[in-house]
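Please build the complete structure, drawing on both the sequences and the hints.
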Amino acid sequence: MSAPETLPAEAAADPVARVRGEPLETLPSDLYIPPDALEVFLEAFEGPLDLLLYLIRRQNLDILDIPIAEITRQYMEYVELMRELRLELAAEYLVMAATLAEIKSRMLLPRPAVDEDEEDDPRAELIRRLQEYERFRQAAGELEALPRVGRDLFPVRVLAPEDERPPPAPEVDLTDLLAALREVLARAQLQAHHHIQREGLSVRERMTRVLDRVSEATDCVAFTSLFTLEEGRRGVVVTFLALLELLKLGLVELIQPGPFEPIQVRAAARDDRA
Amino acid sequence: MIERKSILEAALLAAGRPLTIRDLQRLFAEDPAPPDAAALRADLEALAAECEGRGYELVEVASGWRYQVRKELGHWVLRLWEEKPPRLSRALLETLALIVYRQPITRAEIEQVRGVSVSSNIIRTLEELEWIRVVGHKEAPGRPALYASTRKFLDDFNLRSLSDLPSLAEFTEDAEVVQLPLPEVRGDAEGS
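Protein chains in written order, with numbering that gives the first Met the number 0: chain A, 0 to 273; chain B, 0 to 191.
In case anyone wonders, no lab produced these hints; they're calculated from the structure. A virtual CB, placed ideally from N, CA and C, is assigned to each residue, including glycine. Please note that a few of the clues may not be correct.
Unchecked claim - With beta-carbon atoms standing in for the labels, derived distance ranges:
hint, chain 1, residue 1, chain 2, residue 2, range
1, A, A100, B, G141, 26 to 36 Å
2, A, N59, B, K70, 33 to 43 Å
3, A, D218, B, S119, 51 to 61 Å
What the hints assert, rightly or not - Covered stretches of chain B (in silico footprint by chain A; criterion: 3 or more residues with CB under 8 Å from a CB of chain A, positions within the stretch not fixed):
hint, segment
4, 64-72
5, 86-97
6, 113-127
7, 148-159
Okay, here's the thing in structure tokens:
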């Protein structure tokens, strides 16, 4: 956005702005101004420092030797213009106006000839800020000029051959496990009329049985197949408790190949993934 | 016998991200005599030289080596896509420049130099682009966030390290001396 720079700098008079190439000396209150042109122009400024730099540049002035009175006058004209156009006038612009007015008044005051030091120039701080800003304005331009991925640079990628290895089995979380149990229980409910009385369903005993089942199997055992529905709800619970115990002891592992797929049980010690 | 160079080329082409020498060394982890960093670097330089006359080049950026379309062909490639890459506003670029050259820097410090408040949108956009990140908080009232540039910033601007950046403009004699070099964020871990 270099709208300010593209405007002719050799403006002989001192137009407030240029509207469609025509210099605008003062802002006529009764005249129609194409608001878009001015607004685009005024909105191009990135803040008070940017506006000041533009004013200084336009007159080929040195930052180090700003004619404060003149610059202040011009600056105020722009601020006034922004106000007339009801542009959202950021507080920063007003702060700068105050700073300029302060510098101007300090420069009007007679200074003791003794310390005609450069340090005492009331403009020093403003100059420092303008230089600092100018430096980063340039750095921003340089960053913009660097080649950039997506605009100038496009990283290359070719299609790789498909991965044929089986994906590693993901862990099963407790929610899935409980959901599976609920399913088995629900099914057990349907078999309730089978009620077979068995004596003392021992979790320990069931652990051994489940472990046997699992370690005898060459592959994984389906979680649901471990349950004997005919045993009813209690039997199912005992098996589930046994399974949890085994899980806690690290003797069995649960695997779920993918979301919503049946949970599998396998003996922990054996590694048959190869 | 597959040449090692071909393996490197294949890996770099397939990775979809820059690969460091260390990444590449890992490919040969099971090799009885794995190549050292210097050997791999020599291979990479040979591969880069072989790109001569092709539409792509092999370059080293902050995150490692990557194949990319030659810069001068970029505008041809762009024609493949309807949508133009978004232009970055001056406000965004100035903010980015301050973060890059003055990192770690707070928002207030950025505002001080620019003379205007930094919009949250700009910071958010820069964070979304993954060009900047919060690296800590300044021990000052409100503990303001300190921003710094990321490795992705360097990658996306085709830089290997911050020292590859154009140096800050110097002005008149009383301009402060700019503090360069900047904190090293180069990620390459080849120990060179």
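Exercise. So which of those numbered hints doesn't the model satisfy?
Worked result: none
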